[in-house]
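Numbers 0 to 263, taken from numbering that gives the first Met the number 0, label the letters of the sequence shown in order.
Note that these hints are calculated values from the structure, not bench results. Be a bit skeptical, because a hint or two may be false.
Calculated cross-link-like contacts (lysine-lysine; reagent style DSS-like; alpha-carbon spacing at most 25 angstroms) [what the hints assert, rightly or not]:
#, residue 1, residue 2
1, K253, K182
2, K48, K175
3, K234, K48
4, K234, K182
5, K234, K175
Computed spacing ranges between beta-carbons, pair by pair [claimed, not checked]:
#, residue 1, residue 2, range
6, P4, E260, 12 to 22 angstroms
7, I263, T8, 21 to 31 angstroms
8, E227, T117, 43 to 53 angstroms
9, F34, I263, 37 to 47 angstroms
10, D224, A179, 36 to 46 angstroms
11, T116, E231, 24 to 34 angstroms
Beta carbons: idealized from backbone N, C-alpha and C, even for Gly.
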Amino acid sequence: MAKTPQLRTVDVMRYITPLREGGSLPALAAADDGFNYVLKFKGAGHGTKALIAELLGGEIARTLGLPVPELVFANLDEAFGRTEADEEIQDLLQASQGLNLALHYLQGAINFDPVVTTVAPELASKIVWLDAYITNVDRTFRNTNMLIWHKELWLIDHGACLYFHHSFTDPEGHAKSPFALIKDHVLLPQASLLQEIDQEYRALLTEDTLRGIVNLIPDEWLQWDGAEQTPEEIKQVYFTFLTTRLANSDIFIKQAQHAREALI
0 MAKTPQLRTV DVMRYITPLR EGGSLPALAA ADDGFNYVLK FKGAGHGTKA
50 LIAELLGGEI ARTLGLPVPE LVFANLDEAF GRTEADEEIQ DLLQASQGLN
100 LALHYLQGAI NFDPVVTTVA PELASKIVWL DAYITNVDRT FRNTNMLIWH
150 KELWLIDHGA CLYFHHSFTD PEGHAKSPFA LIKDHVLLPQ ASLLQEIDQE
200 YRALLTEDTL RGIVNLIPDE WLQWDGAEQT PEEIKQVYFT FLTTRLANSD
250 IFIKQAQHAR EALI
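Generate coordinates for the entire structure from the input sequences, incorporating the hints supplied.
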């Protein structure tokens, strides 16, 4: 029986600063455990679906042994943000009361630059496999979503993965589709061991393991406007997508291999 993953829950004590402009407006925030976090808000952009993608993508990566900052549930009290001077940020904070998601802040980390840092074939293959599996559109030369911290590579920002859930139609069909956008992956040229990694990772991602990761999703993130399914039914859709895609990994592996051959 696989060990069920657990996430800590922290209370956000102080909003420090927004980290970048854009739809999601993540922020640096201090929590009651004394650490700083990159806080992702359920009241921003794609709402809780972006948090679900961040949660599932990050915890799948962690299960596969890839370096991801610790994820925690971050609770925003209803009084939080009332003194914020910026009206847009105040609205965001008010719309994000309750459970949000946060990543441990890697103090002093720098953005990964493929011109400066060459990633070994095994690690590159592992990251490309992950991103093809979770349909992550956001690890490109333009936006690598990787950091160098203490001379090690760390993966961040999985909020754009699992994009099937924005329509939530035909999850099994999406699960069995190739991932054409893998051609833009920043590490694809180095990913020469995809077949070997596929065998290793398929063995790690058992049904029990994937069920445990999906069950991390808080029910309050699954109260979608217009959705007829219950939270448990929505979780089952995610589980079905992940298990079906894993069972058909040869489809996205071949797509990645063909895209790599075209590059090199």
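Status of the hints after comparison with the structure:
no.	hint	in the structure
1	K253 x K182	holds, 12 angstroms
2	K48 x K175	holds, 21 angstroms
3	K234 x K48	holds, 12 angstroms
4	K234 x K182	violated, 30 angstroms
5	K234 x K175	holds, 19 angstroms
6	P4 x E260: 12 to 22 angstroms	violated, 36 angstroms
7	I263 x T8: 21 to 31 angstroms	violated, 45 angstroms
8	E227 x T117: 43 to 53 angstroms	holds, 49 angstroms
9	F34 x I263: 37 to 47 angstroms	holds, 42 angstroms
10	D224 x A179: 36 to 46 angstroms	violated, 30 angstroms
11	T116 x E231: 24 to 34 angstroms	violated, 43 angstroms
When the structure is compared with the earlier hints, violations turn up for hints 4, 6, 7, 10 and 11 and for no others.
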